[in-house]
Amino acid sequence: MLRRLTRWAVAAPVALALVSGLSACGSDEPGTTASASPAASSAASSSALTVFAAASLTETFTELGKTFEAANPGVKVTFNFGSSATLAQQITQGAPADVFAAASPATMKTVTDASMAAAPTTFVRNKLEIAVPPDNPAKVDELKDLADAKVKVALCAEQVPCGAAAIKALDAAGLKVTPVTLEQDVKATLTKVELGEVDAALVYKTDVLSAGGKVTGIDFPEADKAINDYPIAPLSKAPAPDLAKKFVDLVLSQQGKDVLVKAGFEAA
Amino acid sequence: MLLAVLGMAFLVLPLAGLLVRAPWSTMPERLAEPQVLEALRLSLVTATIATAVCLVLGVPLAWLLARVSFPGRRLVRALVTIPLVLPPVVGGVALLLVLGRRGLIGQWLESAFGFSLPFTTAGVVVAEAFVAMPFLVISVEGALRAADLRYEEAAATLGASRWVVFRRVTMPLIAPGIVAGAVLCWARALGEFGATITFAGNFPGRTQTMPLAVYLALETEPDAAIVLSLLLLLVSVAILAGLRDRWVTSA
Chain A
1 MLRRLTRWAV
11 AAPVALALVS
21 GLSACGSDEP
31 GTTASASPAA
41 SSAASSSALT
51 VFAAASLTET
61 FTELGKTFEA
71 ANPGVKVTFN
81 FGSSATLAQQ
91 ITQGAPADVF
101 AAASPATMKT
111 VTDASMAAAP
121 TTFVRNKLEI
131 AVPPDNPAKV
141 DELKDLADAK
151 VKVALCAEQV
161 PCGAAAIKAL
171 DAAGLKVTPV
181 TLEQDVKATL
191 TKVELGEVDA
201 ALVYKTDVLS
211 AGGKVTGIDF
221 PEADKAINDY
231 PIAPLSKAPA
241 PDLAKKFVDL
251 VLSQQGKDVL
261 VKAGFEAA
Chain B
1 MLLAVLGMAF
11 LVLPLAGLLV
21 RAPWSTMPER
31 LAEPQVLEAL
41 RLSLVTATIA
51 TAVCLVLGVP
61 LAWLLARVSF
71 PGRRLVRALV
81 TIPLVLPPVV
91 GGVALLLVLG
101 RRGLIGQWLE
111 SAFGFSLPFT
121 TAGVVVAEAF
131 VAMPFLVISV
141 EGALRAADLR
151 YEEAAATLGA
161 SRWVVFRRVT
171 MPLIAPGIVA
181 GAVLCWARAL
191 GEFGATITFA
201 GNFPGRTQTM
211 PLAVYLALET
221 EPDAAIVLSL
231 LLLLVSVAIL
241 AGLRDRWVTS
251 A
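Sequence lines, in order, name chains A and B. Residue 1 is where the first sequence starts when you use the UniProt record's numbering, and the numbers rise one by one after that. Residue 1 is where the second sequence starts when you use the UniProt record's numbering, and the numbers rise one by one after that.
There are no misleading hints in this set.
Chain A is nowhere near these chain B residues, computed Cβ spacing over 10 Å in every case: (1) W63; (2) L84; (3) W108; (4) P176.
Here are the computed distance ranges between Cβ atoms for each label pair: (5) B:V12 with A:D141: 55 to 65 Å; (6) B:F10 with A:D113: 25 to 35 Å; (7) B:E221 with A:S253: 35 to 45 Å; (8) A:A118 with B:F10: 30 to 40 Å; (9) B:E110 with A:I227: 28 to 38 Å; (10) B:L75 with A:T67: 45 to 55 Å; (11) A:S47 with B:A146: 50 to 60 Å.
Hint data in this document are derived by calculation from the structure and do not stem from the laboratory. No experiment lies behind these values; they were computed from the predicted model shown. Ideal placement from N, C-alpha and C gives every residue a C-beta, glycine not left out.
Model the full structure from these sequences, guided by the hints.
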């Protein structure tokens, strides 16, 4: 829950910044924001790293952040987890971030198109799973059960990567599903299953694992047609470019891969 | 004076930003999209019903707090204003835990009537009323406390029944407070986001109100989000300005 709260806490000022920042309307606007804070960043350049990462990376990146802090004494890693689309918007509007890890190439493209990052690397892949409450009240056991009008289904909104993947998988199966809700990110979708408010949802396999016993995951063959690549890149206006590169290296290292694969991601 | 101007600039400049950055050229076709009108209609309808709910439940509550002395009244007053300080997202979760399909009351609703509030338009009304009602209660309670009790006592000594006193004396005295509270309440309900998306979810035509549509549009199409925000702004300014003329001048 705290995660979601911080999301709103972040979203409000960013929306404001978006609105006022945009009014100047110059392509160098994010640059002004970045150069407005060198005092803060140079003082902190050796000690603070800010990572913007997809909501589905919350557990793994938090763990990697601790590893990174242990390996680099004095460095404090701060994460902003959220829907990749929101994070991409925040970055293009000049949010002071060092690293961006997205849940889809499309959201990373928003950032590279704005010349805020170059050459992203795909570091993992993630697959969808059907998540149901442990007692599985609607007796869901395959994808086509979700098309039943009596089954309450939550999907991610199509604007966010997990929603785009869900549409791809359902199209591949030739199914028409009418969800009761289109949630704003994958963790919100998962929460609806955890609370038992819906009978099933399409979320990432990693989210099912991270929920522990609170939801049950069901694999389905069409998920192979909707695999999400996760790209990561240091940002070109990073206040701490050296640390940004080091963190990306850690994620791409064998050690990073082990953490991610253990959580249910597939190695890229 | 300077501070007043600064204060005004602080509130007005972000709106100016919206106007400057608005994609005027594509405005007509963006506004004509059925989803936009659907979200606007849903927002207006739910905010209005939520205000009605708040009036029906909130005015008696305000009367209780202002006029009846009972032990623990200060505590009750504090509890009633909780939604003001509670982050709306938490309010939404709290509503789920009580009225959700597995909630304290919700599971009973589900088994007795096969009805559950989350993900329905009624759920949007509940979320909005929960967040907005304190505005009405505080405003009406203030009006009730400021109203001179002697008018009511005089009416009573002249033989008016309690209902007549309330209708002919108390109501006219506190009407401006009720209107002000209802307007605040409506405006708060119209802009409600956190509790709505948490409790009622997000589905176009059923639970996707304007603020939700704006938030999701922001993910991929900031221009569309700006258009939607301007529309919401325009409608609320028009309605609030209209109400003010009508009520304040005639009062």
